[in-house]
Amino acid sequence: MKLAFIRKAIAARDAGRPAALATNLKSGLQLYVEGSETEGDLALDDAGLSGVRQALNDDRNTTLETSEGAVFVEVFNPPLRLFLVGAVHIAQPLARMAAMTGYRVTVIDPRTAFATDERFPGIELCANWPDEALEKLRPNRRSAIVTLTHDPKLDDPALQVALKTDAFYIGALGSRKTHAKRCQRLVEAGFNDNLISRIRGPVGLDIGAISPAEISISVLAEITRVLHADRVKNKEAA
Amino acid sequence: MGDTEEILDKAAEWAEAGKGVALATVVTTWGSSPRPVGSKLAVGQDGAFVGSVSGGCVEGAVVEQALEVIKSGEPRLLDFGVTDEQAWDVGLACGGKVQIFVERVE
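Protein chains in written order, with the numbering used here: chain A, 8 to 245; chain B, 28 to 133.
This is chain B alone, in the form it adopts within the complex (with noise of 0.2 Å):
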């Protein structure tokens, strides 16, 4: 859990600098996927990310969503499956699904 901590101390340090902050956590987790609920990513505005809420494969989508929510201000809830076949591509061992929450840093 001390990665949490982390995550969130660098989130709360843009966010206090006047960057704008997304902070995206997994919520639900089916199969086998990579990361524990509770995993999170904090996006600053300028895309700079520290953190995990995948192996690497949904990184980037999630950042991506990130960067609106940024904007917008509306929290999301995103759904990502990973077939065995997807997963093999993207070099992560086996399949799974997984529900991440993104929000903006008030």
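Chain A with its partners taken away, still in its complex shape (with noise of 0.2 Å):
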């Protein structure tokens, strides 16, 4: 591989603009897509390309049968992001468990006591107002955002925001009648119940779970039953 589509697919990967590297098997010759240009010594075909790019589409590394041979395609998609609304108590090993899971982290609070590095070293802090941070932040489809405060006036705006983007995963953390009251004050904003039951609440799979530290397993287990949903075996038992 070559040292500048290593630094290139790195660079891509950071700015949120998805890349593939595509490799012969057998000579090692490469080409190297982003967006709409190419570079390299690797010739392919209108087939071949749109194989890439249908790779790149279903977020997956493959191998393609060409006419040279089998040629394997590596994808380098935008990292995933976990958006935490709220730097309570629960977000402190949220965001450490995420973090050890792949997610990029951004704890989102504009109580500036609450979001401070002491409390949360090594993560992204956002001080401004939920819906105002999540506009500028841009949660794609490879997105989660979790609201954790109980505070409305936190955890609404920032949920109707949310419920616009693509975000793969949509959790609010309170009890079942916390959530019923949040989606009644949702429909009276103007959303319809399709849209709404894209937030997961009470959030996190059922296992019991008491400490903050056993609430996050259970929302980051969902968040990767969600992400994984076709890699599920036992579906019924969800």
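Hints may be right or wrong, so weigh each one.
[To be verified] Only pairs whose alpha carbons sit at most 30 Å apart, straight line, appear in this in silico DSSO-like list of lysine-lysine:
(1) A/Lys-33 to B/Lys-37
(2) B/Lys-98 to A/Lys-9
(3) A/Lys-184 to B/Lys-98
(4) A/Lys-240 to B/Lys-98
(5) B/Lys-98 to B/Lys-124
Quick caveat, the hints were computed from the structure, so don't treat them as lab data.
From these two lone chains plus the hints, build me the complex, please.
Below, the structure written as structure tokens:
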């Protein structure tokens, strides 16, 4: 692999631009693909190129059979992101566990007494109001959003913006009763039931979690389950 | 995928420091192989490595091959089969097959 391609792939991923590298497994010749631009010494015909685009769309590394032999396509998609609304106690273990799992985590809380580097070492903090923050940070289909404040003043605006994004997961902490009231407020704000049903509440898998760390496991487990829904075997038990 | 980024970063860092580096990538898997397609191992000419392409059972062999690829510059496609018995010996829970592409960082 050319050093330049490694650097480009990393830069593309950091900037949120999808990129792919196609490698002929016999010759080692490579083609780097980013947007409509290609670079490299591997010649791919139209079928090959559309195979690369398909892999990018599917977000899946794959091997294509081409007239020149097997070509491995590696996809460099933007990183998974997790936006936590509320720099509360639960956000501390959840941010750390999510970072370990490979998410780029941002904790959003305008209450700067909560969102401190001391409480969230190494985690990106955003002190904007949650709706402004999310509009600025632009969650996409590789993003998960979880509200944790229990405070409608903070959670509701965040959820209203979240519902307008392609985020693959939206969760809201709170009991069944709290969630029902929340849904009612969203209906009054003009969101339909279909849209509101995207919000997972009470958040997380039912594993009997009590402590903040256990609740974090339950939330992260649910996010993982949604992310990898196509791999989940026992769908009935969900 | 954060993993891949770190491994590529390390490979680039070694290469920029003038070290010979090879990248090994899992390109195909059959059965219950321990690491998914795209998993990587970066190997330096001094034998240092980061990442993984299996649960640990083929890394030794891959590093050996990678060192030869660093010397020759010729990429290689390696096949490894792991039977249930072997898998048990090396500490994996189950068998599987993997194909690993090894290339030099230029």
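Hint by hint, here is what the structure shows:
{"no.": "1", "hint": "A/Lys-33 to B/Lys-37", "verdict": "holds, 25 Å"}
{"no.": "2", "hint": "B/Lys-98 to A/Lys-9", "verdict": "holds, 16 Å"}
{"no.": "3", "hint": "A/Lys-184 to B/Lys-98", "verdict": "violated, 66 Å"}
{"no.": "4", "hint": "A/Lys-240 to B/Lys-98", "verdict": "violated, 45 Å"}
{"no.": "5", "hint": "B/Lys-98 to B/Lys-124", "verdict": "holds, 27 Å"}
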